[in-house]
Amino acid sequence: MDKIIRPVFTLELNYKIVPGLTTIGKYDGTHPCLTAATTADKILIHSPHRKSAIVTGRVVWSESNREIATLNINQSITALAAGPLIPQDDKDILIVGTPTHILAYHVHDNRDIFYKECPDGVRALTVGLFHDSKSPMVLSGGNSTVHGYDAVGNELFWLAIGDAVTSLILHDYNKDQTNELIVSSEDYNIRVYKGDRLLAEQTETEVVTGLAALPDNRFAYSVSNGTVGVYEQDIRLWRVKSKNFAISLFSYDLLGQGHSQLITGWSNGKVDCRSIKTGEVLFKDTLGHGCAGIVEGDYRSIGKADLICTSSEGEVRGYTTTKSLSTTPSSGLEQDTVRDLLAQKQALLLELKHYENNSKVNEEFDRREDNLESNGVIPANTRLQIAISANDNPKTKNHVEIFILTNNNTVIKAVIVFAEGIFKGETHVVHPQQSKLSTELSVQLYPPKDNPVDIHIKALVGYSGSNQFHVFEITRQLPRFSMYALCETKGAQCDSFVELRISERLQRMCMWINQNFLLAHDIEFETGPELKICLKCLRDDSYLSLLFDISGRVVIKTENISLAADLVQSLANFNNLESLETKVNLPKEEEKIRIYMEKLTQIQEARMRLGTDVADRLGQIRGLIVRAEDSRVNCLSEMPKYYNELKALNSELTNGYNIRLANFNEGQETMKNINFILQKATRLRAGAKSSKMIGYCRTAIKNNNIDGLIKIIRTGEL
Amino acid sequence: MDPMVAALSNFRRKKYDKCVEICTQLLVKQPLDQAAWYLKMRAMTKRVHVDDIDGEDAMTEDLFDENAVAAAPRPGTSMKTTKTLPMRPVGSAGRPISGIARPASSLQRPGSSLDPRMKTARPITSQSARAIRLGTAAILSQSDGPFIQVSRLNLAKYARDPCLAKPLFEYIFYATGDARAALELAVQATQANEFKDWWWKVQLAKCYVALNLIRDAEQQLRSALKQQYHVETFLRLIRVYLRLDQPLSAAEVCKSALEIFPLDVAIFTELGRLGEALGDIPSSVKHYRNVLIQDATNAEAIACIGVYHFYNYQPELALRYYRRVLAMGAHSAELYNNLGLCCLYSQQLDLVLVCFQRALDLATDPLIKADIWYNLSHAAISSGDIELALNCLNLCLICDSNHASAYNNLAVLQHKLGRPLLAKSYMMTAIKLEPDMPEPHINLEFLKSKI
Numbered sequence: 001m002d003k004i005i006r007p008v009f010t011l012e013l014n015y016k017i018v019p020g021l022t023t024i025g026k027y028d029g030t031h032p033c034l035t036a037a038t039t040a041d042k043i044l045i046h047s048p049h050r051k052s053a054i055v056t057g058r059v060v061w062s063e064s065n066r067e068i069a070t071l072n073i074n075q076s077i078t079a080l081a082a083g084p085l086i087p088q089d090d091k092d093i094l095i096v097g098t099p100t101h102i103l104a105y106h107v108h109d110n111r112d113i114f115y116k117e118c119p120d121g122v123r124a125l126t127v128g129l130f131h132d133s134k135s136p137m138v139l140s141g142g143n144s145t146v147h148g149y150d151a152v153g154n155e156l157f158w159l160a161i162g163d164a165v166t167s168l169i170l171h172d173y174n175k176d177q178t179n180e181l182i183v184s185s186e187d188y189n190i191r192v193y194k195g196d197r198l199l200a201e202q203t204e205t206e207v208v209t210g211l212a213a214l215p216d217n218r219f220a221y222s223v224s225n226g227t228v229g230v231y232e233q234d235i236r237l238w239r240v241k242s243k244n245f246a247i248s249l250f251s252y253d254l255l256g257q258g259h260s261q262l263i264t265g266w267s268n269g270k271v272d273c274r275s276i277k278t279g280e281v282l283f284k285d286t287l288g289h290g291c292a293g294i295v296e297g298d299y300r301s302i303g304k305a306d307l308i309c310t311s312s313e314g315e316v317r318g319y320t321t322t323k324s325l326s327t328t329p330s331s332g333l334e335q336d337t338v339r340d341l342l343a344q345k346q347a348l349l350l351e352l353k354h355y356e357n358n359s360k361v362n363e364e365f366d367r368r369e370d371n372l373e374s375n376g377v378i379p380a381n382t383r384l385q386i387a388i389s390a391n392d393n394p395k396t397k398n399h400v401e402i403f404i405l406t407n408n409n410t411v412i413k414a415v416i417v418f419a420e421g422i423f424k425g426e427t428h429v430v431h432p433q434q435s436k437l438s439t440e441l442s443v444q445l446y447p448p449k450d451n452p453v454d455i456h457i458k459a460l461v462g463y464s465g466s467n468q469f470h471v472f473e474i475t476r477q478l479p480r481f482s483m484y485a486l487c488e489t490k491g492a493q494c495d496s497f498v499e500l501r502i503s504e505r506l507q508r509m510c511m512w513i514n515q516n517f518l519l520a521h522d523i524e525f526e527t528g529p530e531l532k533i534c535l536k537c538l539r540d541d542s543y544l545s546l547l548f549d550i551s552g553r554v555v556i557k558t559e560n561i562s563l564a565a566d567l568v569q570s571l572a573n574f575n576n577l578e579s580l581e582t583k584v585n586l587p588k589e590e591e592k593i594r595i596y597m598e599k600l601t602q603i604q605e606a607r608m609r610l611g612t613d614v615a616d617r618l619g620q621i622r623g624l625i626v627r628a629e630d631s632r633v634n635c636l637s638e639m640p641k642y643y644n645e646l647k648a649l650n651s652e653l654t655n656g657y658n659i660r661l662a663n664f665n666e667g668q669e670t671m672k673n674i675n676f677i678l679q680k681a682t683r684l685r686a687g688a689k690s691s692k693m694i695g696y697c698r699t700a701i702k703n704n705n706i707d708g709l710i711k712i713i714r715t716g717e718l
Numbered sequence: 001m002d003p004m005v006a007a008l009s010n011f012r013r014k015k016y017d018k019c020v021e022i023c024t025q026l027l028v029k030q031p032l033d034q035a036a037w038y039l040k041m042r043a044m045t046k047r048v049h050v051d052d053i054d055g056e057d058a059m060t061e062d063l064f065d066e067n068a069v070a071a072a073p074r075p076g077t078s079m080k081t082t083k084t085l086p087m088r089p090v091g092s093a094g095r096p097i098s099g100i101a102r103p104a105s106s107l108q109r110p111g112s113s114l115d116p117r118m119k120t121a122r123p124i125t126s127q128s129a130r131a132i133r134l135g136t137a138a139i140l141s142q143s144d145g146p147f148i149q150v151s152r153l154n155l156a157k158y159a160r161d162p163c164l165a166k167p168l169f170e171y172i173f174y175a176t177g178d179a180r181a182a183l184e185l186a187v188q189a190t191q192a193n194e195f196k197d198w199w200w201k202v203q204l205a206k207c208y209v210a211l212n213l214i215r216d217a218e219q220q221l222r223s224a225l226k227q228q229y230h231v232e233t234f235l236r237l238i239r240v241y242l243r244l245d246q247p248l249s250a251a252e253v254c255k256s257a258l259e260i261f262p263l264d265v266a267i268f269t270e271l272g273r274l275g276e277a278l279g280d281i282p283s284s285v286k287h288y289r290n291v292l293i294q295d296a297t298n299a300e301a302i303a304c305i306g307v308y309h310f311y312n313y314q315p316e317l318a319l320r321y322y323r324r325v326l327a328m329g330a331h332s333a334e335l336y337n338n339l340g341l342c343c344l345y346s347q348q349l350d351l352v353l354v355c356f357q358r359a360l361d362l363a364t365d366p367l368i369k370a371d372i373w374y375n376l377s378h379a380a381i382s383s384g385d386i387e388l389a390l391n392c393l394n395l396c397l398i399c400d401s402n403h404a405s406a407y408n409n410l411a412v413l414q415h416k417l418g419r420p421l422l423a424k425s426y427m428m429t430a431i432k433l434e435p436d437m438p439e440p441h442i443n444l445e446f447l448k449s450k451i
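Chains as they are written, first to last, in UniProt numbering: chain A, 1 to 718; chain B, 1 to 451.
Just so you know, not all the hints are guaranteed correct.
[Claimed, not checked] Listed below are the simulated SDA-like cross-link pairs for lysine to any residue, each with C-alpha atoms no more than 20 Å apart in a straight line:
1. A:LYS702 x B:ASN193
2. A:LYS270 x A:LEU333
3. B:LYS196 x A:MET608
4. A:LYS116 x B:PHE195
5. A:LYS702 x B:GLY384
[What the hints assert, rightly or not] Over the 10 Å line for every Cβ pair with chain A, so calculated as not near, a few chain B residues:
6. ASN10
7. PHE11
8. LYS14
9. GLN219
10. HIS230
11. GLN246
12. SER249
13. TYR311
14. LEU349
15. LEU351
16. ASP385
17. ASN402
[Stated by the list, open to error] Some chain B residues flagged as far from chain A (calculated, every beta-carbon gap over 12 Å):
18. TRP37
19. TYR38
20. ILE148
21. ALA333
22. ILE381
23. GLU439
By construction, these hints were calculated from the structure, which means they are not laboratory data. Because the structure is a prediction, the values reported are computed rather than measured. Note that CB positions come from ideal geometry on N, CA and C, so glycine has one too.
With the hints as constraints, model all of the structure from the sequences given.
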């Protein structure tokens, strides 16, 4: 059933829009203005109400379209947001993010609210109330951090994320009537923060590109592989995958159902409207080009907000709430239903026929054994046996092995494994050659990350000659730390360790180990002062040893900071610890952070020098252009000389730019590495300790205090 | 007398050339004499030093300048949109004819004899003409090569020396005009001072402005203001916002500056100029009056209030203000021109021609001369002498062949004399010269409807 919803207005901006960079703001306090970044690095502000206003003075509005004004930014635009930032002022402030700066701009008054350097870059922006701040705050997500600024540009908030932020929203996640910060980053994660404290973390299969707040404490997310889904707290309600990817997510009541639907703008220009609860498509339309953004605003000055979709070629369409019209004739509905039911009946009949066939064969089992294969029927008592183990075989590449065996002479034709985030895509099919079909099959998995994964296995069982196969469906869960195998050798003793104190019985610790590791047999604690387990990581052959003391002391020996962090978090979760303090000794990471910090200082110095170089050359270019143009009037023969000089200067400038780019990228990379380590280090603590540590890190980074930073990593205190 | 003492004495008496000479002799004898080196540096800086706070041009017409954020800002929020005030005629230089000439506005005049259409191809570039002039002047004065080879200096070493760093910076910045080298020194000096010296931050900002890195300058100035409130810093920050074409931000800076330095003349003047630039004349006059309460001899404020009264149909009041300027010793073509106009409109006809006579005697710039002849034509028209008016306008066009208003008025007079075809061609010329001027268009319509 397709409802007919026509756009209530369409217009052409005649500018190319960068997908994802659109927003809407009431810059004069009443009229919404569609704002977008154009591909020429300008910001376009479309003000439809301007049409009626009397044009005064010599205001140069765009010649082709009086409703459009542009803003020069002179840097590439990476993020846009608008919102009321100044307390006691109803005018929206436009926030613009560039790779190096953040600008808060008062469009109505043509003045800067603040302009700040963000060495970490700006990837995502949002404005709203957050944390313990009484007034709105700008939150900007960079390459590895999130910063929060107040209305004068003071930094109020800082958070290390560990990878580039792709999207930020402020949303009441846990129904406590205050906003939580939901951050998606390039390490496939969605994290929810309440202030400095991490509330929840979800891992997706690919880079999460967008987030959108939905009513009833839900939020939608989109992934770069084309998935769109909805979470209600930490439960995923649904997700769908498409070969295009979603550019923009928005919640709007398009169908007049009294509650919002999820509107998605896709890269191929499709705009669809889905039910938030089920993901069922209720309406779709197609724009001429890829969707660039979806916003909501009272664009016709009628007192009701319309849904505004912008395409990357500058086409704008407005939709409004359309009550479900019962225009579809009832006969059509009946026909549809009848057709559906007929199809269902057909399928059921077919199934029944199979069953009859099967039972008949089973009855005649003794008499016509040779006929079994040709009929594609297997004995009723066929069972599959499945074993999952961490394979530590030095000859092959280390992996997690799923071993499947049938209990009679049937063979396994193929195995289809569904799992998230293990393979490229979501399914993995193993199908041996016809000649190599046997009653057993092993599937090798290489989980790239330490996450618990649900694996759904579908095994096709039959005889090698049969045309039809029986499908066995099995679901298993891989524990979080599946890529670790017991090893007897004590391994080279490493001096990197994390030490913490958990007052729990060792039996409970055994439970944790058995739940979270994929070990051949369960660990039992009998007696003795301590429990020691040596493990080998199958990914990089490094050693991990866990030591549980009877007094509650836990020592994790590993050089891998993220593994240690995962273990600590898992332990803290398992034991429901409010706060956990740890002693950390990771000399390698400390050495790394020292090197990175020093490198960063050097890079920043070089950057300053390079910047002035460019400015100086630009000054020369200006002079030369004027002279060249002068000589065009006065003395033509001089002109080539100036233009040749200009050309040389220009190529110099290009070279300089490349050097600067390399320097900038290196700086960003270094910054990212530092923040990665810091983020992991904060994860080595749990709860209040962790958020306190974030504050210390921020101060240490600001003061460039390397020793302080290392001390924080070690003890969690400054 | 000890030559060092002599040099110092000369320096104090502002005989910089003499001082430099003595220092040079000292340095020939003892090339490593730091005191002499220092004094020579100071003297050479002082010799060419200008107060560059007022000198920096607002640069709103820079062709390549994309520092301003809004390309089409709302009226009243930008310097670009409110160039023309509805009631005031504007000379080709872009300033009210009878207003006051400011250091900045003098640069905006097209220096070459290119016709007006070429103006777009001849913008003022970031490194102001003055900076370039200063640089060449400094080099010319040295017969045997430059005094200090900046590129050979170990800037890091000097940056750490608190006594030498500042004079060296000023020498590099003012005397050699090399903003880049100056910037390098300033960067290292700020680092040597652990980012705690506001003076260096202001100097950094100066260099950034010279290099057209306006945003960096803004940051440095703001950070300097956090450490130390200083009128100069505030003024420079205001300039920065004018360069960014954000007059309202500039006004905000003025207000915060006034909280710290209440009644400061320089800041009131800035506010007055801002109001004028934004077309908010009443507030501008209010601020100028505040200036006069503090400093009764501020010629700019007096003249601006005078202009306000003149265009407010109170020529008698304007006359009082201009006479005050005259009494203060000012003696210029513009002033006499303004006095003449005031006399004309306040019916003190006996003084009109005398004033214009003086103005013509003093005027050297052909543009000013043209304006005076144009004004004289008004005097002739009001006395009914059309022939004299025609002569005046022709003289005006001799001085400035691009004076569109003069062409327009000529056309009207010719029409009065019954020569519609001649009038029409003058009208066309006027339109061609300044297509934005409304009068010739209206007149042409009128003429066409008649014929």
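- Query: Are all beta-carbon distances from GLN246 (chain B) to chain A longer than 10 Å?
  - Reply: Non-interface label fails for GLN246 (chain B): nearest chain A Cβ at 5 Å, not farther than 10 Å.
- Item | Non-interface label on ASN402 (chain B), tested against every C-beta of chain A at 10 Å | ASN402 (chain B) is indeed farther than 10 Å from all Cβ atoms of chain A, at 16 Å.
- Query: Would you say LEU351 (chain B) is clear of chain A, with no C-beta pair closer than or equal to 10 Å?
  - Reply: The assertion about LEU351 (chain B) holds, with a minimum of 37 Å to chain A.
- Does GLN219 (chain B) really sit off the interface, with its C-beta more than 10 Å from all C-beta atoms of chain A? Non-interface label on GLN219 (chain B) violated, nearest chain A Cβ at 7 Å vs cutoff 10 Å.
- Message: Check whether the Cα positions of LYS702 (chain A) and ASN193 (chain B) lie no farther apart than 20 Å.
- Response: 18 Å, holds
- Once the closest CB in chain A is found, is it more than 10 Å from TYR311 (chain B)? 18 Å, holds
- Taking the closest pair, is the beta carbon of ILE381 (chain B) still more than 12 Å from chain A? The claim holds: ILE381 (chain B) sits with its nearest Cβ about 29 Å from chain A, beyond 12 Å.
- Message: Please verify that the nearest CB of chain A lies beyond 12 Å from TYR38 (chain B)'s CB.
- Response: 26 Å, holds
- Item | LEU349 (chain B) non-interfacial with respect to chain A [C-beta, more than 10 Å] | Non-interface label on LEU349 (chain B) holds, nearest chain A Cβ at 37 Å vs cutoff 10 Å.
- Query: Far enough from chain A: is every CB of that chain over 12 Å from the CB of GLU439 (chain B)?
  - Reply: Given that every Cβ of chain A is farther than 12 Å from that of GLU439 (chain B), nearest at about 16 Å, it holds.
- Item | Interface exclusion of ASN10 (chain B) relative to chain A, criterion Cβ beyond 10 Å | 36 Å, holds
- Message: Between the alpha carbons of LYS196 (chain B) and MET608 (chain A), is the straight-line distance 20 Å or under?
- Response: Since the Cα atoms of LYS196 (chain B) and MET608 (chain A) sit roughly 19 Å apart, the hinted pair holds (cutoff 20 Å).
In terms of the numbered hints stated before, the structure departs from hints 2, 5, 9, 11 and 12, listed from lowest to highest.
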